[in-house]
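Chemist: Generate coordinates for the entire structure from the input sequences, incorporating the hints supplied.
As you go down the protein sequences, you meet chains A and B in turn.
Our numbering applies: residue 1 is where the first sequence begins, and numbers increase by one.
Our numbering applies: residue 131 is where the second sequence begins, and numbers increase by one.
Hints in this document: simulated from the structure, not taken from any laboratory.
Ranges between beta-carbon positions, derived for each pair:
1) A:LYS12 to B:TRP264: 21 to 29 Å
2) B:GLY167 to A:LYS52: 12 to 20 Å
3) A:TYR63 to B:VAL135: 31 to 39 Å
4) A:VAL15 to B:GLN277: 22 to 30 Å
5) B:GLN277 to A:GLU42: 47 to 55 Å
Each residue gets a CB set at the ideal place from its N, CA and C atoms; glycine is no exception.
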Amino acid sequence: MISSHQNQKGSKLEVGISYVLASGVVASLVLMGAGILLFYWEFGNLAISEKKGMFLQEKNFFYFLYDLLWGGNFHGKALWTMTLGIVVLILTPYAWVVMSVLYFLKEKDFKFFLVTLLVSLILTLSLATH
Amino acid sequence: MIDMVSLLLITVPVGLVGALTGLGGASILVPLLVFLGIPVKEAIACGMASIIATCSGSAASYVREGIANVRVAMFLGIFTTAGAILGATITTKISPLLLYFFFAAFLATSFLRSKRTPPESTTSSAWPDPVSRWLNLQGGYFDEAYQRRIDYRVNHALLGGGGMFLAGLAAGMLGIGAGAFKVTVQENILKLPPKVSSTTSNFIIGMTALAGTSVYLYSGLLNLTLMGPMAVGTTIGAFFGGRMLNKLRNRTLRALFFLIVSFLIVQMIYKGVSSL
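Modeler: Right, dumping it as structure tokens:
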């Protein structure tokens with residue numbers, strides 16, 4: 001017999017992930033939308049630019065996050081707001097993977113605790129070492 | 131070159147179609163950006179970042195409705211994220227010219243999906259392998275188009291994992307979700323029903339894209355003025371696509387998929403040949 005408890009509508013993990021995904025995406029879109037409006041306010045146009053200042057670059061994501069929040073290396077509110085939107089977007093899948101690790105640990109489902117832990121380790125290493 | 135508002139408006143229908151077909155949006159976006167004059171590596175990097183939004187937007191509703199299989203997604207996520215990191219690293223090191231042809235060749239593999247799966251297949255009778263049984267990967271969902279519950283088992287979990295590593299490799303390398311390839315692996319190897327494949331694929335793409343984006347951040351290929359409008363436009367489109375998917379028949383989705391993939395292959399080959 002097929003057991004489908006993990007796929008029933010509205011299970012705790014699924015509802016939780018759904019909220020994380022939806023709120024992360026909405027927050028990042030609002031920030032990016034606001035950033036685009038501020039861009040017009042600051043630069044007087046909405047042209048797609050190939051100037052160096054429009055490109056994001058950092059040794060790794062966590063340095064990048066520190067720079068954004070406390071480093072003061074961003075010129076103007078428009079680019080800062082758009083960048084924050086991108087950061088929230090990047091953190092959205094990361095947040096639900098971490099949430100899943102905690103959920104499976106709480107449920108004492110150790111097989112999936114290990115599976116989700118491995119995924120979160122790969123993602124953390126990727127963010128930290130690139 | 132176009133401005134941010136035009137790009138935002140163009141990317142709304144792209145996000146909608148990407149969510150409906152399981153392509154993930156960037157498979158359409160990257161050739162579109164190349165067509166609009168954006169350098170291919172930059173298009174790939176920004177495509178990769180924007181699909182986090184597209185896929186997370188549509189996955190939110192799929193997961194809530196219980197169509198996507200979270201356990202299968204997590205298990206396959208191990209393979210796709212590792213593949214994406216390797217793929218994105220390769221892209222930063224090779225000639226842009228090669229990327230046009232790789233892109234077209236990879237899109238062509240997505241036709242395997244429409245050839246090998248029965249057009250209105252909604253059930254799966256595969257017998258679970260030991261790994262799938264051990265991980266309890268089987269599931270079920272209520273299909274609104276057929277007005278009945280579809281239960282399914284999962285097969286060949288490790289072989290599917292190998293296929294998903296290749297999907298992740300291609301995704302990271304080409305800045306796409308590789309949704310079509312992921313769906314092919316899930317339908318033909320893991321024996322998941324088409325709608326579970328499409329929705330679970332959308333869910334996995336977010337993880338894959340995150341892994342690839344970190345490499346492109348290091349390489350300095352992420353352009354803010356492209357990513358902002360792309361992410362907003364594709365997500366709005368994906369939001370509506372996510373609500374339409376479960377009401378459409380599989381045959382309609384496949385016809386749409388075939389038309390779009392054919393057009394994109396021709397466009398990328400043309401761009402590659404004209405750049406020789």
